[in-house]
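There are 2 protein chains.
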Amino acid sequence: MTTADSAPPIRRGRGRPGHDQAAVLRAAVTLFNRRGYDATSIGDLAKELGVTKSAIYHHFASKEDLLRLALADALDELTEVVSAAAGDSAPGSAYDRLREVVRRSVEVLVAHQPAVTLLLRVRGNTPVEVDAVKRRRWLDDQLAELVRAAVAEGALRDDIPPDLVSRLLFGMVNSLVEWYRPDGAYDAQAVAAALAATAFDGLLRR
Amino acid sequence: MTTADSAPPIRRGRGRPGHDQAAVLRAAVTLFNRRGYDATSIGDLAKELGVTKSAIYHHFASKEDLLRLALADALDELTEVVSAAAGDSAPGSAYDRLREVVRRSVEVLVAHQPAVTLLLRVRGNTPVEVDAVKRRRWLDDQLAELVRAAVAEGALRDDIPPDLVSRLLFGMVNSLVEWYRPDGAYDAQAVAAALAATAFDGLLRR
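One line per chain: the protein sequences are A and B, in this order. Residue numbering for the first sequence follows the UniProt record's numbering, starting at 1 and increasing by one per position. Residue numbering for the second sequence follows the UniProt record's numbering, starting at 1 and increasing by one per position.
Here chain A stands alone, though its shape is the one from the complex (with noise of 0.2 Å):
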C-alpha cells in the first residue's frame, strides 16, 4: 500500500508500475461503465486500485473531475472530427465530408471506446454532465447538417428524412461501443470500410 502524502504515491499500488494519472482515469472509466457514475464511489476506484483514497484525490479534485477529464477525452477528439468536416469553409463535397466523417468517427469510437461508451451514457444533472449533453447535442446538430448538405447536393436519397438519416447512420457508429471487441477479427478500418458500405451502397448483392 502507499503512504496519503509521498509525491506520486499512486505508482506504487499493489507494486504495480504504471499507476498513473492515466491509469487511474482509465480505470474509473472502466468502472463508471461498470455501475454507473452515481454508484461508483472513489472509495469503490481505491479499492479497485488497491491504493488509498488519498492517492486518487493527489491527482484529481473530485468523482466529478474524473468524469469531467473522461469525457473531455471523447468530446474533444470527436468535436475536432467534426469540426474538421462539418464547417462551411471546409473542402469538398458534403457527401465526401459525411464519409470522411463517419470513417474518423469509427477511428475515435475505437481508439476511446471505454470514453465514448461513458459520454453516450451521460444522463445526469451534474454540471460536467449538462455541459457534455450539450457538446455531444452539438455534435449531432452539425451531423444532421451536414446530411441535409449531402442530400441537397443531390449524392443522397431524398425520400428519407434527413434527420432521421443522421440518426440512423450516426446511431449504427455509436452502437460500436456495444459490439466492437478490440481484440476481435476486425480493426478500425475494417470496421469504418464495412459500415460506410453498408450505410451507403446498402446490403443488397447487385
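Rather than coming from a laboratory, the hints here were simulated on the basis of the structure. Computed from a prediction, not measured in an experiment: that's the story for all the values here. Careful, some of the hints might be misleading.
Intra- or inter-copy, both count: the list cannot distinguish identical chains.
Subject to a maximum C-alpha distance of 20 Å in a straight line, what follows is the list of computed EDC-like cross-link-like pairs (lysine to aspartate or glutamate) [unchecked claim]:
| hint | residue 1 | residue 2 |
| --- | --- | --- |
| 1 | LYS47 | ASP88 |
| 2 | LYS134 | GLU178 |
| 3 | LYS63 | ASP38 |
| 4 | LYS134 | ASP96 |
| 5 | LYS53 | ASP131 |
| 6 | LYS47 | ASP131 |
| 7 | LYS47 | GLU64 |
| 8 | LYS53 | GLU129 |
| 9 | LYS63 | GLU153 |
| 10 | LYS47 | ASP141 |
Using the hints, position chain B against chain A.
Below, chain B alone, put in the same frame as chain A:
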C-alpha cells in the same frame, strides 16, 4: 401516503390512481435506466412513487425481481420475433425473413423502449443479469445465422463478413433506444421503413 399492511396499498400513493404493479415496474425501469441498477434502491423507488417500501414489497420480492420482470418484458417479445423469423421451418426467403425481423424488432423497441434500454445495458453478475445476457446472445446468434443465410442465398452482398453485417444492422436497430422519441415526428412504421431502406438499399441516390 399508504399504510404498509393494507391490501393494495400502492394504488393509493399520493392519491393518484393506477399505482398498481405495472406502474411500479415502469417506475423501476425508469430509475434503473436513469441512475443505473446498482445505484437504485427499493427506498429510492418508494420515494419516487410516494409510497412505503412495504407497499413495493407487497408486489415484488426484491429489487432483482423487478429487474427480472423488466428484462423478461423485452426478452420475451424479442425472442418471439426472432423465433418466428429465424427458425429452419420459417417460410419465405432468408432475406424476406431478415427484413421482417428488422421491421418487427423496430416495433418492439419502440413499444418497449425503456425495458429494451435496460436490457441493452445489462452487464452485471447477478443470476438475473447473467441469464439475460445469455438470452441476448442467443438472439444475436440467431440473427447472425439469418444474415449468413441471406448472403448464402445470394440476396445480400458477400464482400462484408456476415457477422459484421449482423452487428452493423442490429446496431442500427438497437440505437433506437438512444435517440427515438415517442412524441417525435416518426412512428415505428416510418422508422422501420427508413431503417430498412438505409440498410438494404443504401443512402446513395440512384
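Quick rundown of the hints versus the structure:
1. Neither within a single protomer nor between protomers do LYS47 and ASP88 lie at most 20 Å apart by alpha-carbon distance, with minima of 49 Å and 50 Å respectively.
2. Taking the closest pair of Cα atoms, LYS134 and GLU178 come within 20 Å of each other only across two copies (16 Å); inside a single copy the shortest separation is 22 Å, beyond that limit.
3. Taking identical chains as interchangeable, the C-alpha atoms of LYS63 and ASP38 lie at most 20 Å apart whether they share a chain (10 Å) or sit on different chains (17 Å).
4. In this assembly of identical chains, the alpha carbons of LYS134 and ASP96 never lie at most 20 Å apart, being 27 Å within a copy and 41 Å across copies at closest.
5. In this homomeric assembly, LYS53 and ASP131 never come within 20 Å of each other (Cα to Cα): the closest approach is 27 Å inside a single copy and 35 Å across copies.
6. Taking the shortest Cα distances, LYS47 and ASP131 never come within 20 Å of each other, neither inside one copy (29 Å) nor across copies (28 Å).
7. In the homo-oligomer, the alpha carbons of LYS47 and GLU64 lie at most 20 Å apart inside one protomer (18 Å), although the nearest pairing across protomers, at 25 Å, exceeds that limit.
8. In this assembly of identical chains, LYS53 and GLU129 lie within 20 Å of each other by CA distance neither inside one copy nor across copies; the values are 23 Å within and 30 Å between.
9. Taking the shortest Cα distances, LYS63 and GLU153 never come within 20 Å of each other, neither inside one copy (46 Å) nor across copies (53 Å).
10. Taking the shortest Cα distances, LYS47 and ASP141 never come within 20 Å of each other, neither inside one copy (40 Å) nor across copies (37 Å).
Hint check: violations occur at hints 1, 4, 5, 6, 8, 9 and 10; the rest are consistent with the structure.
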